[in-house]
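Engineer: Residues per chain, in single letters:
4 protein chains.
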Amino acid sequence: MIIVLKPGATQAEIDHVIEKIQAAGCTPHLSRGVERTIIGAIGDETAIRNLPLEILPGVDQVLPIMKPYKLVSREFKPESSVIGAGGVLLGGRRLHVMAGPCAVESREMLIGIARQVKAAGATVLRGGAFKPRTSPYAFQGLEAEGVRFLADARRETGLLVATELMDPRDLELLASSADFIQIGTRNMQNFRLLKEVGGVRNPVILKRGLAATIKDLLLSAEYIVANGNPNVILCERGIRTFEDYTRNTLDIAAVPAIKQLSHLPVIVDPSHAGGRRDLVRPLSLAALAAGADGLMIEVHHNPEEALSDGPQSLRPDGFAALMDELRRLAAFLGREL
Amino acid sequence: MIIVLKPGATQAEIDHVIEKIQAAGCTPHLSRGVERTIIGAIGDETAIRNLPLEILPGVDQVLPIMKPYKLVSREFKPESSVIGAGGVLLGGRRLHVMAGPCAVESREMLIGIARQVKAAGATVLRGGAFKPRTSPYAFQGLEAEGVRFLADARRETGLLVATELMDPRDLELLASSADFIQIGTRNMQNFRLLKEVGGVRNPVILKRGLAATIKDLLLSAEYIVANGNPNVILCERGIRTFEDYTRNTLDIAAVPAIKQLSHLPVIVDPSHAGGRRDLVRPLSLAALAAGADGLMIEVHHNPEEALSDGPQSLRPDGFAALMDELRRLAAFLGREL
Amino acid sequence: MIIVLKPGATQAEIDHVIEKIQAAGCTPHLSRGVERTIIGAIGDETAIRNLPLEILPGVDQVLPIMKPYKLVSREFKPESSVIGAGGVLLGGRRLHVMAGPCAVESREMLIGIARQVKAAGATVLRGGAFKPRTSPYAFQGLEAEGVRFLADARRETGLLVATELMDPRDLELLASSADFIQIGTRNMQNFRLLKEVGGVRNPVILKRGLAATIKDLLLSAEYIVANGNPNVILCERGIRTFEDYTRNTLDIAAVPAIKQLSHLPVIVDPSHAGGRRDLVRPLSLAALAAGADGLMIEVHHNPEEALSDGPQSLRPDGFAALMDELRRLAAFLGREL
Amino acid sequence: MIIVLKPGATQAEIDHVIEKIQAAGCTPHLSRGVERTIIGAIGDETAIRNLPLEILPGVDQVLPIMKPYKLVSREFKPESSVIGAGGVLLGGRRLHVMAGPCAVESREMLIGIARQVKAAGATVLRGGAFKPRTSPYAFQGLEAEGVRFLADARRETGLLVATELMDPRDLELLASSADFIQIGTRNMQNFRLLKEVGGVRNPVILKRGLAATIKDLLLSAEYIVANGNPNVILCERGIRTFEDYTRNTLDIAAVPAIKQLSHLPVIVDPSHAGGRRDLVRPLSLAALAAGADGLMIEVHHNPEEALSDGPQSLRPDGFAALMDELRRLAAFLGREL
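Residue numbers (the working numbering), protein chains in the order written: chain V, 8 to 344; chain G, 8 to 344; chain D, 8 to 344; chain A, 8 to 344.
No lab work stands behind these hints, which were simulated from the structure alone.
Treat the hints loosely; a few may be bogus.
One copy or two, it doesn't matter: identical chains are merged, so the pair holds either way.
Keeping only pairs whose Cα atoms sit at most 20 Å apart, straight-line, the calculated SDA-like set for lysine to any residue is [stated by the list, open to error]: (1) Lys74 - Asp51; (2) Lys84 - Asp67; (3) Lys202 - Pro175; (4) Lys13 - Pro71; (5) Lys74 - Glu61; (6) Lys202 - Leu178; (7) Lys125 - Glu20; (8) Lys74 - Thr220; (9) Lys202 - Arg176; (10) Lys222 - Leu70; (11) Lys77 - Arg114; (12) Lys77 - Arg43; (13) Lys222 - Val11; (14) Lys77 - Glu42; (15) Lys77 - Arg56; (16) Lys77 - Thr220; (17) Lys13 - Leu70; (18) Lys77 - Ala158; (19) Lys74 - Val11; (20) Lys13 - Glu61; (21) Lys13 - Gly65; (22) Lys74 - Ala145; (23) Lys84 - Gly99; (24) Lys77 - Gly50.
As the structure is a prediction and not an experimental result, all values here were calculated from the model.
Input sequences plus hints: build the corresponding full structure.
Structural biologist: The following block contains the structure:
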């Protein structure tokens with residue numbers, strides 16, 4: 008931590024800052040410049056990070072030096088983590104595509120789509136049983152029944168299953184029925200939920216919040232890991248900006264940036280990022296080219312009748328054609344799909 | 008709902024759109040222009056809102072006409088709602104200031120601050136027992152014990168109490184111990200929590216999310232009201248932008264904008280909006296001038312030692328001076344504090 | 008400047024950084040922590056600011072200590088500047104309102120509006136002769152003829168005149184005909200234009216760019232002052248965010264924030280910030296309450312027929328009523344209008 | 008144009024809107040719904056677009072139907088445009104990479120870098136003679152001398168040359184010395200400059216503004232084309248968001264989105280988008296995968312000593328290695344580099 012003093016800071020003010028640093032168990036290191044005096048706090052930055060040093064008299068600004076997360080950082084663990092369930096491991100040479108409908112609408116539709124995405128090469132079936140919808144009047148999901156249908160589809164097709172958790176009271180059900188547990192965009196900073204999924208072993212797919220920086224995303228991942236579950240997969244799915252042609256703005260640079268900062272796998276959700284079916288293909292290709300470890304894609308057998316996210320869902324045949332292209336691109340990039 | 012067709016849309020495509028509209032129980036209304044054909048869907052827009060009409064062949068864009076929320080809208084209820092608990096009613100001529108520490112740190116400190124903010128004119132004590140913190144290593148609150156201390160402070164001072172709910176499993180405790188239940192910024196779209204607080208009668212202070220539009224905020228309020236609790240107070244507390252001198256960007260126009268769109272009361276949190284103690288005063292004055300029904304202000308007896316949000320907390324004497332100024336401004340504006 | 012090294016930085020890498028600092032005429036100051044080595048560069052930070060130190064081997068991050076602007080900073084000049092033309096001085100106790108049509112449409116309309124805004128208490132007539140329009144098919148202004156009409160209105164009414172410069176080739180004309188020269192939002196970082204207006208003495212109203220931080224705005228002001236013209240008035244007029252109910256998001260905190268950082272006067276443009284006539288009043292009141300030194304308000308005798316910005320223009324009678332209210336608020340705030 | 012009336016709009020208000028529509032030469036088309044009356048204005052939308060219909064009494068909202076740009080739209084010209092100079096044509100099967108230093112620093116360095124980027128496969132040399140810098144104290148470019156050096160480098164290497172125009176007074180010089188004229192991010196809405204480059208035939212590289220939507224970018228391109236120069240190449244280079252790990256946020260979806268909306272070529276600048284040397288490679292690959300027609304990449308022989316943008320510049324050897332990879336990816340994608 009670096010504390011920069013105001014131009015006219017008095018000796019008493021400097022001494023007061025030094026005392027605070029020492030009281031937190033750190034060692035102060037004074038440097039008097041031509042225009043400014045600067046104090047470094049050497050030692051455990053976590054001890055001092057939450058002190059409101061910026062309001063001490065004479066202090067101009069406080070500059071943290073250390074990253075606020077540790078367990079998820081690449082400094083802590085330089086080699087990339089390979090995380091998954093069953094045989095589906097993300098973060099290695101092999102890429103995975105998770106596909107399926109936005110919402111589970113019926114047993115029949117789910118199993119039908121599951122068969123088709125499996126035939127096309129997907130290894131995980133995605134589908135929401137509990138649906139976070141911005142409107143209270145929109146379809147809210149089949150809930151526990153939807154979870155049963157997912158388990159059925161898993162048994163019928165052999166696909167692993169990923170589904171979203173919205174409430175800590177549903178964790179036990181999901182942890183026992185689903186392979187991957189998804190924490191949605193709007194719950195990325197639902198810290199209670201993060202702590203809860205820290206208590207299970209299922210891999211957690213943590214989606215970036217609409218206004219979350221990469222640092223925020225990694226701090227949320229740190230919550231899960233620090234609470235006991237090291238199996239976190241990060242998902243870039245677009246952030247909110249002023250651009251309104253697309254539903255969100257896919258921050259493609261987040262993929263390599265997260266790879267620099269963290270050892271965790273990163274996947275991309277091109278369906279929510281663009282919000283338009285005709286953008287899924289170019290965004291998927293770009294995601295692989297940028298180094299993503301996998302994709303999560305919405306597929307619906309009849310998007311015109313989808314109860315949720317129809318505009319951004321691929322049809323099964325479109326998905327199969329995309330998978331062919333992605334498979335070739337993966338091979339070109341020295342990976343495998 | 009208005010459906011705009013592409014320049015070369017065929018009659019078959021037009022007929023297909025018309026069928027979809029009729030199947031949803033609406034009446035289509037065709038209008039052929041020089042360059043475009045447009046179809047209006049007359050009837051209950053909620054029936055048609057979630058249909059993915061934009062992906063029907065020949066469709067260029069879909070323009071909703073109705074607002075997606077109803078119960079919270081001023082069209083539905085033209086007169087302003089006056090909402091509160093005990094004698095503390097927001098939305099009328101009388102303004103209210105909710106004040107207290109970011110986090111409840113101890114029984115003694117809480118009651119001390121409560122006495123001081125009451126003396127200065129606050130009518131509600133704010134204080135977090137359950138704290139949403141971006142870092143898992145930051146102080147997470149005293150939890151149930153903190154709730155007890157809030158109840159103690161309430162008994163000792165007569166102030167009403169507002170505190171944040173983070174988990175549906177804590178609702179029973181908070182609903183019986185606190186007067187106002189706060190839904191924090193990061194849970195504004197935690198739809199399960201919204202539904203749950205729809206099941207109690209306590210007034211809910213709903214804080215705007217970091218990336219939430221005014222429309223999103225009103226939809227979240229609609230969740231609560233549609234689930235049975237009409238007592239919602241909206242809180243503007245800053246949104247996230249590229250500006251980094253302040254912690255967030257206070258969207259002051261949201262105050263009059265929400266007043267145009269909704270009948271619910273609106274308060275402002277200048278502490279979180281600016282994130283700096285020296286901005287609390289100008290932002291508080293601006294909020295009142297813009298028409299806010301109240302303020303929520305962080306006060307700490309010793310900000311240098313605060314376990315959370317020290318940099319933005321006022322000292323009790325600073326708060327008292329600000330209250331004097333706000334009281335005079337309220338009177339000038341024809342209101343009362 | 009603080010240079011933070013990576014955990015495993017070698018002595019050779021440290022020496023290389025030290026050499027670079029010395030070569031730039033600064034004194035390195037080394038501090039070895041438990042986890043990190045940090046090097047402070049003591050001396051003239053401007054000499055070192057543009058060096059790409061962050062790409063030197065072993066360097067993790069570079070933290071500037073000094074502000075990148077100087078002449079416009081309050082550190083450089085602690086007392087507030089009072090800037091203006093004729094008797095219209097901004098930045099002191101007296102507030103000023105600049106009012107008039109978005110665009111000069113005819114001599115008659117301009118003089119008519121000028122008389123009305125003067126009667127209501129405005130001291131400066133605003134009106135665009137050169138209009139920056141996002142569409143090439145929108146009315147682009149009367150150009151030189153519009154400047155003449157402004158000069159006529161000035162002579163007829165005694166109001167001072169403010170108008171926008173878009174092209175360095177028009178500077179001579181504007182500098183001799185107008186009192187205040189406005190640099191618009193979209194030209195805030197048109198650095199050539201900034202340099203040019205540094206060469207005249209007219210006060211320059213510099214509007215904040217749509218994506219400009221406060222720091223960017225102050226750097227653009229520094230351009231003007233460093234090039235010879237100390238007379239700069241800053242104007243907050245809304246930034247671009249994801250919120251779409253309003254045209255822009257008025258960053259009300261920018262007013263007190265700029266006052267902390269700079270000695271220059273600050274005004275607010277509530278018309279462009281909200282983009283809606285019904286928001287001009289609350290945003291104007293909020294601006295004064297937050298400490299603005301003045302306002303710039305669009306007034307049109309017949310907004311329904313305005314060639315530009317009709318939706319956000321007040322009618323003269325609405326403007327007069329607002330001025331009465333602002334005059335009383337100014338007095339309440341200890342200022343004068 | 009669709010005009011939606013308020014629930015209780017009177018017949019007189021409806022008639023007034025109808026009159027306005029007719030006066031603008033359009034045909035009104037009335038549709039009375041259960042809750043709302045809607046009026047379509049059939050005819051030339053440009054005639055009506057700038058009327059402030061939203062403030063007419065009884066009007067709730069106004070929804071434009073047509074896109075505000077025409078000449079640059081794919082509706083106007085369905086086949087993709089192929090635009091360039093010399094043999095360097097963008098928008099077809101062949102991709103092009105423009106490379107070179109941020110700023111021209113000396114004749115010798117420029118020619119040295121030019122030779123190296125040519126050897127690696129670049130077809131255009133980029134280099135700034137006039138530099139827009141946010142600080143007035145940063146290196147502002149060699150100006151006319153820099154333009155001469157670019158011409159020298161062109162003669163020596165046979166590379167075409169692209170350089171930025173900042174001031175209309177420099178257009179004649181640049182139009183005769185450079186092949187491609189660049190309009191920088193901060194001048195994307197410098198409408199005077201746009202009009203001026205509409206008067207020459209050089210292809211214009213138009214960079215997206217920091218807060219510009221895709222629609223804004225296309226409107227700025229429309230300015231150039233409507234003023235007589237059809238040769239516009241659009242450049243996505245990142246927008247400003249709250250994310251601060253990267254310099255800007257590359258909006259990768261803008262590439263396919265622009266391709267849907269416009270016939271003009273699109274290139275990507277990964278250097279400015281990420282602002283970090285280590286992100287240039289993944290962002291370049293992603294850009295090609297998303298369908299970009301070319302790239303603009305900063306290369307410096309000694310980034311540690313670069314007078315501008317050192318942190319994001321590649322060394323010539325790193326650039327050559329990247330070009331090899333891009334060439335193979337282009338071939339994989341069915342294009343050629």
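Engineer: Check the structure against each numbered hint from earlier and tell me which ones fail, lowest number first.
Structural biologist: 7, 11, 18
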